[in-house]
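Peer 1: The primary structure of each chain is shown beneath.
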Amino acid sequence: MKITVCIGSSCHLKGARQVVEELQYLVAKNNLKDKIELAGTFCMGNCQNGVCVTMNNKNYSLSPTNTKTFFEEEVLTQI
Amino acid sequence: MNLDRIIAVRTSKTVFRDNDKVIKMFDQGYKKADVLNEALNQARVEETNLNIPKILEVTTYEKRWAIVYNYVEGVTLAEEMERHPEQLAEYLNLFVDLQIQMHNTKAPLLNALRDKLDRQIEQSDLSATIRYELRMRLESMPRHSKLCHGDFNPTNIIINKQGECTILDWSHVTIGNASADVARTYLLFWLEGKIDLANQYLNLYCEKTNTSKKYIQQWLSIVAAAQSIKGKEEEREFLLSWVNVVDYE
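These protein sequence lines are chains A and B, in that order.
So the first sequence is numbered by numbering that gives the first Met the number 0: it starts at 0 and just counts up by one.
So the second sequence is numbered by numbering that gives the first Met the number 0: it starts at 0 and just counts up by one.
Quick caveat, the hints were computed from the structure, so don't treat them as lab data.
Keep in mind the model is a prediction, meaning the values are calculated, not measured.
Honestly, I wouldn't trust all of these hints.
Here are the computed lysine-lysine pairs in the DSS-like style, where the Cα-Cα straight-line distance is at most 25 Å [to be verified]:
(1) A:Lys34 / B:Lys12
(2) B:Lys12 / A:Lys1
(3) B:Lys62 / B:Lys115
(4) B:Lys12 / B:Lys62
(5) B:Lys105 / B:Lys53
(6) A:Lys34 / B:Lys231
(7) B:Lys145 / B:Lys213
(8) B:Lys229 / A:Lys28
(9) B:Lys145 / B:Lys115
(10) B:Lys53 / B:Lys145
(11) A:Lys28 / A:Lys1
(12) B:Lys12 / A:Lys28
(13) B:Lys62 / A:Lys57
(14) B:Lys145 / B:Lys160
(15) A:Lys34 / B:Lys30
(16) A:Lys13 / B:Lys12
(17) B:Lys12 / B:Lys231
(18) B:Lys231 / A:Lys1
(19) B:Lys31 / B:Lys229
(20) B:Lys193 / A:Lys1
(21) B:Lys145 / A:Lys34
(22) B:Lys115 / B:Lys12
(23) B:Lys30 / A:Lys28
(24) B:Lys105 / B:Lys62
(25) B:Lys145 / A:Lys67
(26) B:Lys30 / B:Lys115
(27) B:Lys193 / A:Lys57
(28) B:Lys31 / B:Lys115
(29) B:Lys231 / A:Lys32
(30) B:Lys30 / A:Lys32
(31) B:Lys105 / A:Lys13
If you anchor each label on the Cβ, the simulated ranges turn out as follows [what the hints assert, rightly or not]:
(32) B:Gln100 / A:Cys42: 32 to 38 Å
(33) B:Arg16 / A:Met0: 26 to 32 Å
(34) A:Lys57 / B:Tyr214: 40 to 46 Å
(35) A:Tyr24 / B:Arg4: 17 to 23 Å
(36) B:Arg134 / A:Thr76: 37 to 43 Å
(37) B:Ala111 / A:Gly44: 42 to 48 Å
(38) B:Leu39 / A:Asn65: 38 to 44 Å
(39) A:Tyr24 / B:Arg16: 18 to 24 Å
We put the CB at the ideal spot given by N, CA and C, even for glycine.
Kindly produce the complete structure, drawing on both the sequences and the hints.
Peer 2: Next comes the structure, spelled out in structure tokens:
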């Protein structure tokens, strides 16, 4: 499963770096490196809210504070 | 070290830009030996006349290893191919020429591709019989000492406004048979779902180098088996299907 995080300037200001670091940490902690591929992309044109993240063709809007919840509720349940 | 601006993300590493420098930061679980080996490999290739980023520093930051390179201005060839599909043939031509130039470059101190492939096949989940067959096949293939990138694909090539190309990411570089490197690139296009492009690439490479397609195809099962030990689960299934279509004789 591929999770793509927007690393464009708008998402950068909303905390893309912290979101990336949190996702990397959670993937490693849950031993999911062979199941989840993290990638970065430039603007996905959906940056009105939080940091734009896509997974399985669905868009999510994250912030550093809700990344863990996203991982537990969306990622872990879809693996 | 300013780690504000991310320019690439992978599962176990993040690449930052800090003015004229690029910092590749590995996660905490990354083996020190793998980081140092990557830096050493790249340093060996820096000694050739190929256009590649230069390593400025290998360091640690908050218990994480990092390699610092000079920043190379431009966009990736993959982006250019995406943006200008009408110029695809021209870009593919450039891509193949660059790979041929690389294969003709000497860097004798690098590790042997044959040893790496042999080790990876042995580590794979394949049955002992198939592993044996693949290792025998590998043993029978001609021995060369061409510079093989190991991950040669358009996302690893930066092209600037003057049309000059720089080849990135030398973590998998070895010396060996160029056809194995070509088989790897062919598989990478397949893994991206770009099957037409994979075939166009292979045709062009074979035409330019007067190489038989069948000869490259002989490497496919070996390279697919070796690649199957790496991370991604869905890729593993696909790669093993390449191994299994081989007609063992």
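Peer 1: Does each hint fit the structure? Answer for all of them.
Peer 2: Now the hints, each set against the structure:
{"no.": "1", "hint": "A:Lys34 / B:Lys12", "result": "holds (16 Å)"}
{"no.": "2", "hint": "B:Lys12 / A:Lys1", "result": "holds (15 Å)"}
{"no.": "3", "hint": "B:Lys62 / B:Lys115", "result": "violated (29 Å)"}
{"no.": "4", "hint": "B:Lys12 / B:Lys62", "result": "holds (13 Å)"}
{"no.": "5", "hint": "B:Lys105 / B:Lys53", "result": "holds (18 Å)"}
{"no.": "6", "hint": "A:Lys34 / B:Lys231", "result": "holds (6 Å)"}
{"no.": "7", "hint": "B:Lys145 / B:Lys213", "result": "holds (19 Å)"}
{"no.": "8", "hint": "B:Lys229 / A:Lys28", "result": "holds (19 Å)"}
{"no.": "9", "hint": "B:Lys145 / B:Lys115", "result": "holds (15 Å)"}
{"no.": "10", "hint": "B:Lys53 / B:Lys145", "result": "holds (21 Å)"}
{"no.": "11", "hint": "A:Lys28 / A:Lys1", "result": "holds (17 Å)"}
{"no.": "12", "hint": "B:Lys12 / A:Lys28", "result": "holds (15 Å)"}
{"no.": "13", "hint": "B:Lys62 / A:Lys57", "result": "violated (34 Å)"}
{"no.": "14", "hint": "B:Lys145 / B:Lys160", "result": "violated (29 Å)"}
{"no.": "15", "hint": "A:Lys34 / B:Lys30", "result": "holds (20 Å)"}
{"no.": "16", "hint": "A:Lys13 / B:Lys12", "result": "holds (21 Å)"}
{"no.": "17", "hint": "B:Lys12 / B:Lys231", "result": "holds (15 Å)"}
{"no.": "18", "hint": "B:Lys231 / A:Lys1", "result": "holds (10 Å)"}
{"no.": "19", "hint": "B:Lys31 / B:Lys229", "result": "holds (18 Å)"}
{"no.": "20", "hint": "B:Lys193 / A:Lys1", "result": "holds (17 Å)"}
{"no.": "21", "hint": "B:Lys145 / A:Lys34", "result": "violated (34 Å)"}
{"no.": "22", "hint": "B:Lys115 / B:Lys12", "result": "holds (23 Å)"}
{"no.": "23", "hint": "B:Lys30 / A:Lys28", "result": "holds (16 Å)"}
{"no.": "24", "hint": "B:Lys105 / B:Lys62", "result": "violated (36 Å)"}
{"no.": "25", "hint": "B:Lys145 / A:Lys67", "result": "violated (46 Å)"}
{"no.": "26", "hint": "B:Lys30 / B:Lys115", "result": "holds (17 Å)"}
{"no.": "27", "hint": "B:Lys193 / A:Lys57", "result": "holds (22 Å)"}
{"no.": "28", "hint": "B:Lys31 / B:Lys115", "result": "holds (19 Å)"}
{"no.": "29", "hint": "B:Lys231 / A:Lys32", "result": "holds (8 Å)"}
{"no.": "30", "hint": "B:Lys30 / A:Lys32", "result": "holds (15 Å)"}
{"no.": "31", "hint": "B:Lys105 / A:Lys13", "result": "violated (47 Å)"}
{"no.": "32", "hint": "B:Gln100 / A:Cys42: 32 to 38 Å", "result": "holds (34 Å)"}
{"no.": "33", "hint": "B:Arg16 / A:Met0: 26 to 32 Å", "result": "holds (28 Å)"}
{"no.": "34", "hint": "A:Lys57 / B:Tyr214: 40 to 46 Å", "result": "holds (44 Å)"}
{"no.": "35", "hint": "A:Tyr24 / B:Arg4: 17 to 23 Å", "result": "holds (20 Å)"}
{"no.": "36", "hint": "B:Arg134 / A:Thr76: 37 to 43 Å", "result": "holds (41 Å)"}
{"no.": "37", "hint": "B:Ala111 / A:Gly44: 42 to 48 Å", "result": "holds (46 Å)"}
{"no.": "38", "hint": "B:Leu39 / A:Asn65: 38 to 44 Å", "result": "holds (41 Å)"}
{"no.": "39", "hint": "A:Tyr24 / B:Arg16: 18 to 24 Å", "result": "holds (22 Å)"}
Hint compliance for this structure: hints 3, 13, 14, 21, 24, 25, 31 are broken, all remaining hints hold.
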